[in-house]
Amino acid sequence: MASPRRQAVHGLDKIPSTKKEWHEAIQKYGLQQRTLEQLCMEGGFSASTVPKEAFLTIRCIWPEKKQPKDASMYIANLEYFFNEDHSYDATKLINRNILGLDKLKTLYRIICNPKEPRKQTPPEYSGTLADGLGPFSMLVNVYNQLLDRSIQATIDEHLLGGAPKRIRFYDAPRPSAVVDPTSPTRQVFPSEELIMVDTEMTNVGYHQSTARCPTRMHPPAASSVTEPTDEEPPRRTPTETLVMDFMVTLLGGLASLVQALSPRPLCIANSFETTYTFGSICTTSQQQVNVQFRARIDGSIPFGLSLAGMPREAAIFEAKRAERGESGGSIPVLAQHSMEHVAYIWKRHEDDLMWKTSVKTYHTFMVAQDHLQFRISIGTYDNTYLEYIFGPGTQPVHPAQGKIPFFEIQEFGPFDVTNEEELGEFLRIMLSFILWQLERTESGTTFKRALS
Numbered sequence: 001m002a003s004p005r006r007q008a009v010h011g012l013d014k015i016p017s018t019k020k021e022w023h024e025a026i027q028k029y030g031l032q033q034r035t036l037e038q039l040c041m042e043g044g045f046s047a048s049t050v051p052k053e054a055f056l057t058i059r060c061i062w063p064e065k066k067q068p069k070d071a072s073m074y075i076a077n078l079e080y081f082f083n084e085d086h087s088y089d090a091t092k093l094i095n096r097n098i099l100g101l102d103k104l105k106t107l108y109r110i111i112c113n114p115k116e117p118r119k120q121t122p123p124e125y126s127g128t129l130a131d132g133l134g135p136f137s138m139l140v141n142v143y144n145q146l147l148d149r150s151i152q153a154t155i156d157e158h159l160l161g162g163a164p165k166r167i168r169f170y171d172a173p174r175p176s177a178v179v180d181p182t183s184p185t186r187q188v189f190p191s192e193e194l195i196m197v198d199t200e201m202t203n204v205g206y207h208q209s210t211a212r213c214p215t216r217m218h219p220p221a222a223s224s225v226t227e228p229t230d231e232e233p234p235r236r237t238p239t240e241t242l243v244m245d246f247m248v249t250l251l252g253g254l255a256s257l258v259q260a261l262s263p264r265p266l267c268i269a270n271s272f273e274t275t276y277t278f279g280s281i282c283t284t285s286q287q288q289v290n291v292q293f294r295a296r297i298d299g300s301i302p303f304g305l306s307l308a309g310m311p312r313e314a315a316i317f318e319a320k321r322a323e324r325g326e327s328g329g330s331i332p333v334l335a336q337h338s339m340e341h342v343a344y345i346w347k348r349h350e351d352d353l354m355w356k357t358s359v360k361t362y363h364t365f366m367v368a369q370d371h372l373q374f375r376i377s378i379g380t381y382d383n384t385y386l387e388y389i390f391g392p393g394t395q396p397v398h399p400a401q402g403k404i405p406f407f408e409i410q411e412f413g414p415f416d417v418t419n420e421e422e423l424g425e426f427l428r429i430m431l432s433f434i435l436w437q438l439e440r441t442e443s444g445t446t447f448k449r450a451l452s
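All the letters of the sequence shown, read from the start, carry residue numbers 1 to 452 under the UniProt record's numbering.
Just so you know, not all the hints are guaranteed correct.
Said to hold, decoys possible - With a Cα cut of at most 27 Å, we get these calculated BS3-like pairs of lysine-lysine:
id, residue 1, residue 2
1, Lys65, Lys20
2, Lys14, Lys28
3, Lys66, Lys14
4, Lys52, Lys69
Calculated from the structure, these hints are not laboratory results.
Please put together the full structure from these sequences, using the hints given.
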């Protein structure tokens, strides 16, 4: 019989949306003197099973969610992922129906709800699927599978035994004996075993442990693949893989339309599961314990240009098989996303000491797809927050005096796939993001030439 599973932040009644709400939560649960080195006091966890105490220790707040129409301007004003020029170029490319972007209109006619009843078959339906949709042709089949409720069968509780034991995955912190490829998707792994049980990603086998963090198990350093352990985040389910197929086909197809024919295209979305480790945190304990947790993302858009000291992922993906509840059901999801953002931050800065010498604000970019809805979340933090997570782990999470640095995540959405306006706005944002990446490469000449 499988051990019981636990959701993220079990018992937390609300994700803090303001600093005031965070302070109130810290006081409610008596965490004023909690420190980062006590992150694992409730036992080992992954991003999907983070206890409420560890989540609040990370100092993460989620301001009130904004609507899809607010996303583009907000992100452009940051001038971090793209600016107004990229947004303007993306709009022109789509409106002019050049570089094959006219196929988006055909896609909208097929998968989006019509604004008014159709009286006849559109002329686009007279050709083949590939003729009409190009790189988006596979989306029709994936979309239909996601609408098929038979794939979301009742879960057999007796089969909830955790992730397959011999599945391999890419672990970002681990060294590799081979040269890293330009994209995670180029790595070749043996065929994976697959247990056809569609469990929720928010659940994972949870084993009650002592207040001491479990020691991290290290496989031979020469290998870039590892065997899952009890602290590993669970692999995504078959339906979540189907959700990722949809996202990768959609965003990968978008990127392929705006760059020249090449054997090594850039910024192509991938569904490669990547694990980040947050920690080990600096501790004063005499015992050699690793205070850390792991978070696994479902895919990414890689940087157009490799940047020294940076992860390969410019934007990270998260997939869920079901639509997200907008009340209490979203609490464990947002908590999991928080820990994935934070683990990405650790990976991004652990080998880069430049943040210590320059005052700067940083951002993270996540795309989450919950069944047929997209959401974009933008994380914001600065040097003072990095000093908190990389500094001595003995600092109280709620110091008696001094300014408290926070990690703030602004979410936009949902962008409904079946709504033409919302899907179109989402794709315009993502195209702006892709153009920003491509303009610094030779591939950027393709869309620039088309706009001239």
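To see whether the hints hold, each was checked on the structure:
no. : hint          : result
1   : Lys65 / Lys20 : holds, 17 Å
2   : Lys14 / Lys28 : holds, 12 Å
3   : Lys66 / Lys14 : holds, 18 Å
4   : Lys52 / Lys69 : violated, 32 Å
Hint 4 alone, counting from the list given before, is not met by this structure.
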